[in-house]
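Colleague: Here are the chains, one letter per residue:
There are 2 protein chains.
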Amino acid sequence: MISKLDIQQASSRVRGISVKTPLIGNTFLNDLWDCEVLLKCEQFQSIGAFKIRGAANFALQLKPEELSRGLVTHSSGNHAQAVSYMAYIMKVKAVIVMPKNSNQQKIKNARKWGAEIVLCEPTIESRIETANAIAKESGCIMIPPFDHEWIVAGQSTAAMEIIAEHNDLDYIITPLGGGGLLAGTSLSARYFSPNTKVIGAEPEEAADGYEGFSSDERVTTVNANTVADGLRTTVGEIPFEIIKSNIHDIWLAQEDQIVEWMYRFWNETKMIVEPSCVVPLVAMHAQKEKLKGKKIAVIITGGNVDFNALP
Amino acid sequence: MISKLDIQQASSRVRGISVKTPLIGNTFLNDLWDCEVLLKCEQFQSIGAFKIRGAANFALQLKPEELSRGLVTHSSGNHAQAVSYMAYIMKVKAVIVMPKNSNQQKIKNARKWGAEIVLCEPTIESRIETANAIAKESGCIMIPPFDHEWIVAGQSTAAMEIIAEHNDLDYIITPLGGGGLLAGTSLSARYFSPNTKVIGAEPEEAADGYEGFSSDERVTTVNANTVADGLRTTVGEIPFEIIKSNIHDIWLAQEDQIVEWMYRFWNETKMIVEPSCVVPLVAMHAQKEKLKGKKIAVIITGGNVDFNALP
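From first to last, the protein sequence lines are chains A and B. Residues in the first sequence are numbered consecutively from 573, following my numbering. Residues in the second sequence are numbered consecutively from 573, following my numbering.
Among the hints, erroneous ones may be present.
It does not matter which identical chain is meant; a pair holds if it fits inside one copy or across any two.
In silico DSS-like links for lysine-lysine, alpha-carbon gap of 25 angstroms or less [to be verified]:
| no. | residue 1 | residue 2 |
| --- | --- | --- |
| 1 | K864 | K663 |
| 2 | K684 | K860 |
| 3 | K864 | K684 |
| 4 | K862 | K708 |
| 5 | K816 | K867 |
| 6 | K672 | K576 |
| 7 | K769 | K860 |
| 8 | K592 | K867 |
Hints are computed from structural coordinates only; laboratory data are not their basis.
The following block holds chain A by itself, in its conformation from the complex (with noise of 0.2 angstroms):
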C-alpha cells in the first residue's frame, strides 16, 4: 500500500535529480475540443522521459552496500535510460538487458550514460531471464520498470507537480503500459486533488489494460502490435491492483491514427514526442464530447525518437 507520506517522500527524494518540467498549453488542442489542455513535458527530463523519476525513487532508496554492488535491468527503451543515469550519477556500474530490437536511439543513450548493455532475443522471457541470471552472478540490484511499489511512488511525482500548480483540473491523462506512471498519477490524484478523474489511455492493438479493468481481472498476454513502442507490455500486478481502484476509465486510441497525429502534434506544438505519447491525444480526440469545457493536464511521457528509423 502506497501512502499519502510514500508519495511526499518520494517527491522530496526525487527532486534535484528529476525535473520540474513545464506544464506547457496549447492553442491548437484547446481551439480543437473546446476546453483548456496542459502539457506535463517530461521529454525535458535529462533522459527525455518519465522514467527518471521512479528509478531515482528506486536508486536512492537503497543502501550503500547494496548500491556498491552496481544496477541491472531489463528494458526495451526508457527506463534503460533511466536506470544508465542513475547509475552514472551516483557512480556505480550499471548492467541493462534490451531486446535487440529496440529503438537505436535509446540504446545509444543508454550506453551514453556509461551502462554495459547486454542485447537479448526480443521477447520478454529472454529478457527477465538475461537480467535475472546477470543479477545473480554478479550481484548487482535489480531495479524493475515498473512492477514495484517505489517505481510507482517515484511516477507518482510527476501529477504531484501537475496539482501542485493547478487543484482544479477535471482530468489527468496519461499513456498505460506497464502502468506505472498511471497507477502513481492515479495515488497523487486520490490523496491530493480528489475531484480530479485519473483516465489512461492505450492503443488498441495494446488493449490488456481496458479488458483487465473492464473485467477487473488483469489480463497477462497480449499480442501488441502497435507502433507505440513504450505500451506494448502488459500491466504490472501492483499498479493493476491501484488502477483498478482508483482510475476513472481507459480510453483507447485507433492504431491507424497514431502515427498521423504524431506529426500533427509535432507540427502544432513543436515538440517531438514519441508514439506512446500521442496515444492519449487520439484516444482523447474520440471522446472529445466529454472534454468540452473542461480543464486537463496530459503527461507527455517522453520524446526519445529515432530519427533514423521514423514510423
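Based on the hints, put chain B in the right spot on chain A.
Modeller: Relative to chain A, chain B alone:
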C-alpha cells in the same frame, strides 16, 4: 527613445496574448560547455514564434478607428503569422504580403488565422512596394516587422520574463536578423539587469549586423546566403541605434554547422526549432571558453519548420 516605462507598459500590454514561455535547462548543453544554459522557449507561443510580442504591442496601441481599417504587413515568415493572429483576435481583417518562395508552413499558418495572403516577387523591394500599395489603397494600417519602437518594445518582453526569473545571468543571447529582438533584449537588460551582457548571434553568411557593429555604421545590403531563413534581412535603423550602444558583442555562426546543429538540438532537447534558433548555439560553441562557469539564457525564437522541405 524607448524608456524603462515603455518596456514595463509593453510587458503589461502583451500579457494574455503572448504566453509567458518556459525557461528550460538542458543537461546536454550544460555538460558540453561546463556552464548553465536556460532556453527561453518562444516556439511555444500560439504562433510558434516570439514575433507575437511585437505585433501585439503594436496592434494594441492602435485607436479603434485605425484598427477597424484592418492590418497589413510584409514578411517571409513569423511576423506574417503574428499579424494574422492579432487580426484574428481583434476581429479585423489582415492582408499579408509574402514572397513567393516563403516556407510553405509559414504561408499555411498565416492563412490559418484568416489573413488574406498576397504573394509577391522574392525581393525586399517587391515586398515593401506591394504592401505599401495595399496600405494606400485599402487604408489598412501597416505593422512593420522590426523597424519601429513599438515592435522593439514588444520584443523586449521576452527578456523581461527571463530577468524576472533570473536576475543573476552572465549572458542573454539572441539571434540577429532585423534586430527587433536583440535591441529589445539589450534594453531590458540595460534597465533591469545591468550586469547581464547581451550578445547577438548572426550567420557568417548574413553578417551585416556584425560588420555594422564593428564599424559603428549600419550596413544596409547583404547577400544573405544562409539556411537560417529568419535572419536573411538586414538590421533596421531603429534597432541598429539601440544595439550599437547596448549590446556587449556579436558572435558569428559558421554556416556549414547550422543544419547539423539543428538536428543535434532536436535530438538532445526534444524541441523542434528553426535553423535560425541554432545560430546562437553554433556561435556559442565557437566561443565556448567564454561560457565556462557562466549562467546564460538563450532565446529560442521559433519552431515553424516546413517538414516537407527540411534542409
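Colleague: So, for every hint listed, does it hold in this structure?
Modeller: Consistency of the hints with the structure:
Taking the shortest Cα distances, K864 and K663 sit within 25 angstroms of each other only across copies (24 angstroms), while inside one copy they are farther apart (49 angstroms). In this assembly of identical chains, K684 and K860 lie within 25 angstroms of each other by CA distance solely across copies; the values are 22 angstroms between and 41 angstroms within a copy. In this assembly of identical chains, K864 and K684 lie within 25 angstroms of each other by CA distance solely across copies; the values are 22 angstroms between and 44 angstroms within a copy. In this assembly of identical chains, the alpha carbons of K862 and K708 never lie at most 25 angstroms apart, being 50 angstroms within a copy and 49 angstroms across copies at closest.
With identical chains, the CA atoms of K816 and K867 are at most 25 angstroms apart within one copy only, with a shortest distance of 24 angstroms there and 47 angstroms across copies. Within a single copy, K672 and K576 get their C-alpha atoms no closer than 39 angstroms, and across copies no closer than 60 angstroms, so neither meets the 25 angstroms cut-off. For the identical chains of this complex, K769 and K860 are intra-copy neighbours only, at 15 angstroms inside a copy versus 48 angstroms across copies, given an alpha-carbon limit of 25 angstroms. Taking the closest pair of Cα atoms, K592 and K867 come within 25 angstroms of each other both inside a single copy (20 angstroms) and across two copies (19 angstroms).
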